[in-house]
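**Q** What follows is the residue order along each chain.
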Amino acid sequence: MDIFVAQSLNALLYTADLFLIAGGLSLVFGVMRIVNLAHGNFFALGAFVMAWMVGRLAASVPPVFLLLLLPVAALAVAVVGMVIEPILLRPLYQRAEEYQLLLTFGLLLILEDVTRLIWGPTPLSASTLWSSFGSSSILGTDYPNYSLLVIAIGLVTAVLLWAFVYRTKFGVMLRATSQDRRMASALGINVGSVYVQAFALGCGMAGLAGAIIVPIQGAVLGMGVDALVLSFVVVVIGGLGSLEGALVGAFIVAVVRTLAITFFPELELAVLYLITALVLVTRPAGLFSRQ
Amino acid sequence: MPLLAAEGLEKHFGDTRAVDGVDLAIDEKRLVSLVGSNGAGKTTLVNLITGLVRPDGGRIFFQGRDVTALPVYERIRSGIARSFQIVNLFDGLTGLDNVRLAVFSREGKIGHAASLAEGDPEARAEALEVLGEFGLGDKWDVKAGGLAQGERKLLDVAVAYALRPKLILLDEPTSGVGTREKSSIMDRIESVVRSHGLSAVIVEHDMDVVFRYSDRIVMMHEGRVLAEGPPNQIIRDERVAAILGRR
Amino acid sequence: MNPPRHSSPGAASLISVGLLVAVLLAVPSVASSYQTILLSYGLIMAIAALALNLLLGYTGLLSFGHSAYFGAAAYAVALTVKYLRVSAMEAFLAGGLVAGGVIAALFGFVCVRYTRIFFSILTLALSQVLYSLALKFFWVTGGTDGIRVPTPSLLGGVIRVPEDKVVFLAHDYYYYVLIVFLLCAGLVWLIVHSPFGKSLQAIRDNEVRAEFVGIRVRRHRWIAFVISGMLTGVAGALWAPLNGLATPDVLYWPFSGELVFMTVLGGFHSFAGPIVGAVAFNYLKTYAVGRTEYWQLLLGVVLVVLVLVMPDGIVGTAARLARGLRRAG
Chain A
1 MDIFVAQSLN ALLYTADLFL IAGGLSLVFG VMRIVNLAHG NFFALGAFVM AWMVGRLAAS
61 VPPVFLLLLL PVAALAVAVV GMVIEPILLR PLYQRAEEYQ LLLTFGLLLI LEDVTRLIWG
121 PTPLSASTLW SSFGSSSILG TDYPNYSLLV IAIGLVTAVL LWAFVYRTKF GVMLRATSQD
181 RRMASALGIN VGSVYVQAFA LGCGMAGLAG AIIVPIQGAV LGMGVDALVL SFVVVVIGGL
241 GSLEGALVGA FIVAVVRTLA ITFFPELELA VLYLITALVL VTRPAGLFSR Q
Chain B
1 MPLLAAEGLE KHFGDTRAVD GVDLAIDEKR LVSLVGSNGA GKTTLVNLIT GLVRPDGGRI
61 FFQGRDVTAL PVYERIRSGI ARSFQIVNLF DGLTGLDNVR LAVFSREGKI GHAASLAEGD
121 PEARAEALEV LGEFGLGDKW DVKAGGLAQG ERKLLDVAVA YALRPKLILL DEPTSGVGTR
181 EKSSIMDRIE SVVRSHGLSA VIVEHDMDVV FRYSDRIVMM HEGRVLAEGP PNQIIRDERV
241 AAILGRR
Chain C
1 MNPPRHSSPG AASLISVGLL VAVLLAVPSV ASSYQTILLS YGLIMAIAAL ALNLLLGYTG
61 LLSFGHSAYF GAAAYAVALT VKYLRVSAME AFLAGGLVAG GVIAALFGFV CVRYTRIFFS
121 ILTLALSQVL YSLALKFFWV TGGTDGIRVP TPSLLGGVIR VPEDKVVFLA HDYYYYVLIV
181 FLLCAGLVWL IVHSPFGKSL QAIRDNEVRA EFVGIRVRRH RWIAFVISGM LTGVAGALWA
241 PLNGLATPDV LYWPFSGELV FMTVLGGFHS FAGPIVGAVA FNYLKTYAVG RTEYWQLLLG
301 VVLVVLVLVM PDGIVGTAAR LARGLRRAG
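Residue numbers (this note's numbering), protein chains in the order written: chain A, 1 to 291; chain B, 1 to 247; chain C, 1 to 329.
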């Protein structure tokens, strides 16, 4: 029973994190038709920025206030995205879509080394943040409070995002632009501005994902490159361009991974790819595709 | 037995009934024009016959054989070919290569990877001959993307023709070109079709063209066949006049 | 402006190819062992780049998962040595070809149902199955340490490894790589100029029309995918003994990115582009790694600039400049 509760909560934790990364990827694609191979690096950037800030301030600031650094890290990453889009991505919109994969791969190489340049080759830790919240007893099992917090953040973000995309004026513009760019432009929407903000939002989501998970798993070089593969699996299952798809896909991947880790470590990937293949066969563009 | 027979064809796109119960029979060696206002269902009908879309109802027979469920490449192989309203060519390849592909396909050589395309003089000669019939002989080495619009429209038809089909469907082969070019394009098409004994279904908006070249006219309106018959009969048909608003 | 005209390989091209081959044959006699071995790596990558470009330049499919076929071949070689105790290069090549081909047949079957971005994502995701397997089953694959690959005998044991391994690699093995490279390049050239090759280009240019010319688009794509996988497998099999080790990093997806980088660097619109790109990239990376710790940054910047400013790659840009000069002169 203990293991069941703990692992269920872990699955939710993992879902929250995967949703944020994959959701960011899907959002950017949905609006701009861009797949950013460096997306994982924004996740890593969020992790490193957060870990660095925590490392600097942990001694002088109470843990509760350190939590405020989470949105700061996300924002920092969003700003980086805001700078990159107009300079590197805008020239590619008129070109064949394969070029964006090439360019963002180049961006990945650059960001990998920039991360190393700034923070060095050794991993950064923010575990003090994780441990300073203690644990609660959930259904008789002890579970870290910080992890519960992450689950909550994931849930809240999902709801906020949904509200943002479906209930705000900007969300309407976002959806209009993703449906038909030229039409949106003809209606007076500043497509360029929508693109920059959408990209920043997507990167910010990835950055937040990195920031919230870093107290649990630390910031390691190469974590971004690793994270991208799973984001892709989530997006293939859930459908590229759909936030609901990212949520469902994240949940499926998280559950499979948690089950596998507990019971069949070797089969983890086999099951995951089997599911992917099943989804592709039955719903070729993913469960909730909007292609 | 007609070359092509369609019975009760239906195709819906959501609420729109693009093709709403069409019966059609095309005999051998006939040039049939398919006319009607925009949205009448002409292109959808062509798409159904050629296999680009599957019908929601009805059946299609070609040479007596039920082809309704056949994929595109099988229909091509049985003798149906088409050209496109918005020109569909292999822009990165030369005119010669475009036509030669059709020749290779017809001869079952399209999957041959161990021989050179240039190493087949018969295929090359045949492709050049087809190009010549369409007046494109001297443009054989120009990439399709670099040809003028009228030439592209002709090449589109030439590629379909090189498959040596029994039935060729042409979707607005003269659209997008000036009046003088229209006639010269249609002259060529008619000459090739008649001299080689093909049947052709031509979707056309220009009624001058239609009345001059057709053996039969089929008029569609809102997904159904409104009237069909030889040109002199159609001219006098009141329903047709009402739709066309003239003659 | 005149539309580009179709050009057939004339006497000039044959002479330049001949000269190039002569130069390549002369390398071990005039260059140091280090330079020769370096060029061997370049030629091996050129085979992989040619294979990748069969899909990219000629069929219009960008694969970001070719590390799977390269790496599968490398591990097939290593495992052949480890478990079958075979040490003949021909066995290695056969193993690599089969490994690459089988994996490509499997992955290709799923992937060719898709095009463009989704195709690329899928190739990347699937390729990582192998990467994780290599890490997970570490008792078989040696995990991150990899498996040692000893230097093989060539030509069915006729040429055996002498005491001095470096001399062997810089001479016998170099010629072997060169010959296999020339064979592979010739094979790809033949395929690309065959009716099948034309059908691939047709599929690239206009998938719908290709169907309407009677081409079975999905089947032809799959066949191209398998051929590409087999040739990449040959490259992987040649690489493993030269590297001395089969390691997971050639299964890791950034390596797929490097293969794409090479192809685009040379220019994916031409036949020779990938060859030039692979050799150039090999030198570029070696130079960068030797010069700075932040060589990824350097390569990344090169790629970004390449995409923004010189998307036709080295060969493509050179060809365009040559045409411009010819028109001006």
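Bear in mind the hints are in silico, worked out from the structure with no lab data behind them. Treat the hints with care, as some may be off.
Claimed, not checked - In silico lysine to any residue, SDA-like type, Cα no more than 25 Å apart, as pairs:
#1 B:K143 / C:A12
#2 C:K285 / A:V114
#3 C:K136 / A:A270
#4 B:K109 / C:A105
#5 C:K285 / C:W295
#6 B:K143 / C:F271
#7 C:K136 / A:A76
#8 C:K136 / A:V220
#9 C:K136 / A:R257
#10 B:K109 / C:W189
#11 C:K136 / A:P265
#12 B:K109 / C:R218
#13 B:K166 / B:G14
#14 C:K285 / A:I3
#15 C:K136 / A:F251
#16 C:K136 / A:L274
#17 C:K136 / A:I3
#18 C:K136 / A:N190
#19 C:K136 / A:A96
#20 B:K109 / C:V208
#21 B:K143 / C:E90
#22 C:K285 / A:R116
#23 B:K109 / C:W295
#24 C:K285 / A:I118
#25 C:K136 / A:Y99
#26 C:K285 / A:I275
#27 C:K136 / A:P123
#28 B:K143 / C:W295
#29 B:K143 / A:Y99
#30 B:K109 / C:F271
#31 B:K166 / C:K285
#32 B:K143 / A:A96
#33 C:K136 / A:L88
#34 C:K285 / A:L88
Just so it is clear, the structure is predicted and the values come from calculations on it, not from any experiment.
**Q** Each hint needs a verdict: does it hold in this structure or not?
**A** Evaluated hints:
1. B:K143 / C:A12: Measuring from Cα to Cα gives roughly 23 Å; hence the hint holds.
2. C:K285 / A:V114: holds (18 Å)
3. C:K136 / A:A270: holds (11 Å)
4. B:K109 / C:A105: OK: B:K109 and C:A105 at ~23 Å, within 25 Å.
5. C:K285 / C:W295: holds (7 Å)
6. B:K143 / C:F271: It holds: about 18 Å lies between the C-alpha atoms, which stays within 25 Å.
7. C:K136 / A:A76: The hint is violated at about 36 Å.
8. C:K136 / A:V220: Roughly 20 Å separates the two Cα atoms, so the pair holds.
9. C:K136 / A:R257: holds (14 Å)
10. B:K109 / C:W189: holds (18 Å)
11. C:K136 / A:P265: holds (9 Å)
12. B:K109 / C:R218: holds (17 Å)
13. B:K166 / B:G14: violated (34 Å)
14. C:K285 / A:I3: Cα-Cα ~48 Å, so violated.
15. C:K136 / A:F251: This hinted pair holds, its Cα atoms lying about 23 Å apart.
16. C:K136 / A:L274: Holds, at about 17 Å.
17. C:K136 / A:I3: holds (23 Å)
18. C:K136 / A:N190: violated (49 Å)
19. C:K136 / A:A96: At roughly 37 Å apart (the allowed maximum being 25 Å), A:A96 and C:K136 break the hint.
20. B:K109 / C:V208: Judged against 25 Å, a Cα distance of about 20 Å means the pair holds.
21. B:K143 / C:E90: This hinted pair is violated, its Cα atoms lying about 43 Å apart.
22. C:K285 / A:R116: holds (18 Å)
23. B:K109 / C:W295: Violated, at roughly 48 Å.
24. C:K285 / A:I118: holds (22 Å)
25. C:K136 / A:Y99: violated (33 Å)
26. C:K285 / A:I275: violated (38 Å)
27. C:K136 / A:P123: holds (23 Å)
28. B:K143 / C:W295: violated (41 Å)
29. B:K143 / A:Y99: Satisfied, since the Cα-Cα distance of roughly 24 Å is no more than 25 Å.
30. B:K109 / C:F271: Satisfied, since the Cα-Cα distance of roughly 23 Å is no more than 25 Å.
31. B:K166 / C:K285: violated (58 Å)
32. B:K143 / A:A96: holds (20 Å)
33. C:K136 / A:L88: Not OK: C:K136 and A:L88 at ~37 Å, beyond 25 Å, violated.
34. C:K285 / A:L88: The hint holds at about 23 Å.
The structure is inconsistent with the numbered hints 7, 13, 14, 18, 19, 21, 23, 25, 26, 28, 31, 33, although it conforms to all the rest.
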